[in-house]
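Visitor: In case you want the letters, here they are:
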Amino acid sequence: MDKLKDNDKSIIVRTEELSKSFLNGQSIIKATDRINLTIASGEFTAVVGPSGSGKTTLLNLIGGLTKPSSGKVFVKGTDINQLKDKELVNFRLHNIGFVFQLLNLIPVLTVEENIGFVMELQGADKEQRIARTAELLELIGMKDRAGSRPSTLSGGQKQRVAVARALASKPLFILADEPTANLDTEAAETLLNTMLLLNEKEKITFLFSTHDPRVMNKARRLITLEDGRITKDERYVR
Amino acid sequence: MKIIYKMAFRNIFRKKGRSGLIIIIIALGVFAASFGVSLSNGWSESVYREHIDMQTSQLQIHANKFSDANEVAEFMDKSVVQETLSAVDEVVYASYRLKTNALLSTAYTSVGLILIGVDRDEEIKVSSIHSTIGSDDGNFFESDIVRPIVISKSSAERLNAGINSKIILSLQDSSGEIQRTMFRVGGLYQTNSTRFDNTTAFVKKSDLIPYLNIPEEAIHEVAIVVKDFRQCDEVKHKLSQLLPRHDIKKWDELYPLLHLINAWHGIATFLFLLLFFIALGVSTTNFMMMSVLERKGEFRMLNKVGMAGNRIGLMIIMETLFTTLIAISIGLLLCVLAAETFSKSGIDIKFLFDNNSRHGYSTVIYPTINNRDFVHIFVLVPAISIIATLSPIKKVLK
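Chains as they are written, first to last, in this note's numbering: chain H, 45 to 282; chain U, 2 to 399.
Extracted from the complex, chain H is given alone in its bound form:
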């Protein structure tokens, strides 16, 4: 595994002995166990492993969506678990993009409004927001569906809009938890290509969890988790 230091400007995320345990009745389950990991700028990284290996927990810990039992998470040098709740929400808003498996889009907003949503929460300038939204609609190939509501979109289209929304405010990185889980082959392929295109064009770091081989084949780095521990960390040239 590459060992890169914090003073390397390309490091976005660094974890130190990151562990998370859950109480299940009488027994303690270790979802992640002393994970040490760095993610650099521009990476297209997949966290893979069987069900229950800790993929989603790891992403949640990195995204500040759950607090670790022990260990630290640094995002661009900031120990995110030292932040208060409101500060953490604000930190996520300005630095991290999210794509979820389900329930990504706001049903009452149009495609355009969904993409611009995070920027609007950030208080971005209206013209800037409109321009950026138009740019992303073009990139994801959904300019003609700008005024549509999510209920009229297919699963693949929804996920592409979710990626565009996550990207809109140019976050440090995007976390995607099983983004292709509910998509057919064609939709999954389109989504992955979109994400790759955005990764190349916008130089946005993607970190996603998956057990979808289609996704694994596109990733340039594969981190394998088993029982909450990293067992493999491989880079590929694609």
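Hints may be right or wrong, so weigh each one.
With a straight-line Cα cutoff of 35 Å, these simulated DSBU-like cross-link-like pairs (lysine-lysine) come out [said to hold, decoys possible]: (1) H:K262 - U:K3; (2) H:K170 - U:K3; (3) H:K245 - H:K130.
Which bits of chain H does chain U cover? Going by a derived footprint, with three or more residues having C-beta under 8 Å, they are [unchecked claim]: (4) 130 to 136; (5) 150 to 162.
The hints are simulated quantities; they were obtained by calculation from the structure and are not laboratory data. Predicted model only: the values in this text are computed from it and were never measured. All C-beta atoms in this analysis are idealised placements derived from N, C-alpha and C, irrespective of residue type, glycine included.
Given the coordinates of chain H, assemble chain U onto it according to the supplied hints.
Guide: Okay, now just chain U, sitting in the frame of chain H:
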């Protein structure tokens, strides 16, 4: 934040059926509350009108020792009082009356009552008694009848008298001597108060004064109408200072039951609205609880992408506020339409009463919209709805 208001407004229409139902329920509740209050106001106003217009007037002045015994010898100087009243801008009309106890007799029977001597032109400006005399029941001192007396229909029935019938009047003058004279029935009136009708009759001041053994300019009572009803207290205070040796009384002091009715009206309205607000709070809590709990996943997603809890809370509050405002507008509009519809014809509730009973108020109620009540509803209903939403918000943000 525009996006939050946009989301909140559009969320109302996500479940059209449920939102429509809660809007209808709140609208009907607002209509019932506001129309109920307007009916109550109308009834209250008619009670005041009946008593104040027909009986007490807004203010009365008596000599200090006049009291309820109607002491003939305790009279006031009309010129003194008149001069004082002319200096008080708030006083619009005044009727200078004589007042004494008298016995009315026919061959049939005798009835004791209060005899009021009036000047017609003054009296019709402070009292509406003349308007209760039907076209077949004579008039209020407009005919050529010599020494006319206006009595109630119920008194006429007891005396077995009709228009132009002779009535013997017996009364005590200022020196205690019994005076007797004959009057003819000139008019028959009927108010909504049996009590008043059975105890009051009217004659011309000029016809009564010769029998009282008091000066020509003597009066026993002044009935006053002021510019604005709400100024009664202020005018009473002013007159008390200008006429310290006189007894000034307001309408609610002259008829304490009115004061009680006024107080009870306020309490009843408050309790009625309180019940309405409690029901509103409970139904809003239920509705919003359902609405937010089924969107818990969505709120979690919003929080994850960076929408702070207070903004999510604000969005939910705005949803409640928009829903409530739509409902209030419909409810109040219905109330205005209903009040307008019944403002001329009124709503006759006489089927609720025994036909022969008249308790001092009309059975026809004219709904009266009080702007202050509308403001209360427009402010309190959203406020209570928002408070009712706090519990669901707390639950979803946990």
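Visitor: Can you confirm whether chain U covers the region 150 to 162 of chain H, using C-beta to C-beta distances below 8 Å and requiring at least three such residues?
Guide: holds (count 7)
Visitor: Can you confirm whether the C-alpha distance between K170 of chain H and K3 of chain U stays at or below 35 Å?
Guide: Distance ~11 Å between K170 of chain H and K3 of chain U Cα, so the pair holds.
Visitor: Check, residue by residue, whether the region 130 to 136 of chain H contains three or more positions whose beta-carbon lies closer than 8 Å to a beta-carbon of chain U, and give the verdict.
Guide: holds (count 4)
Visitor: Is the hinted pair K262 of chain H and K3 of chain U satisfied, with a Cα-Cα distance of at most 35 Å?
Guide: Violated, at roughly 39 Å.
Visitor: Starting from K245 of chain H, check that the Cα of K130 of chain H is at most 35 Å away, please.
Guide: Satisfied, since the Cα-Cα distance of roughly 32 Å is no more than 35 Å.
The earlier numbered hint that this structure contradicts is number 1, and it is the only one.
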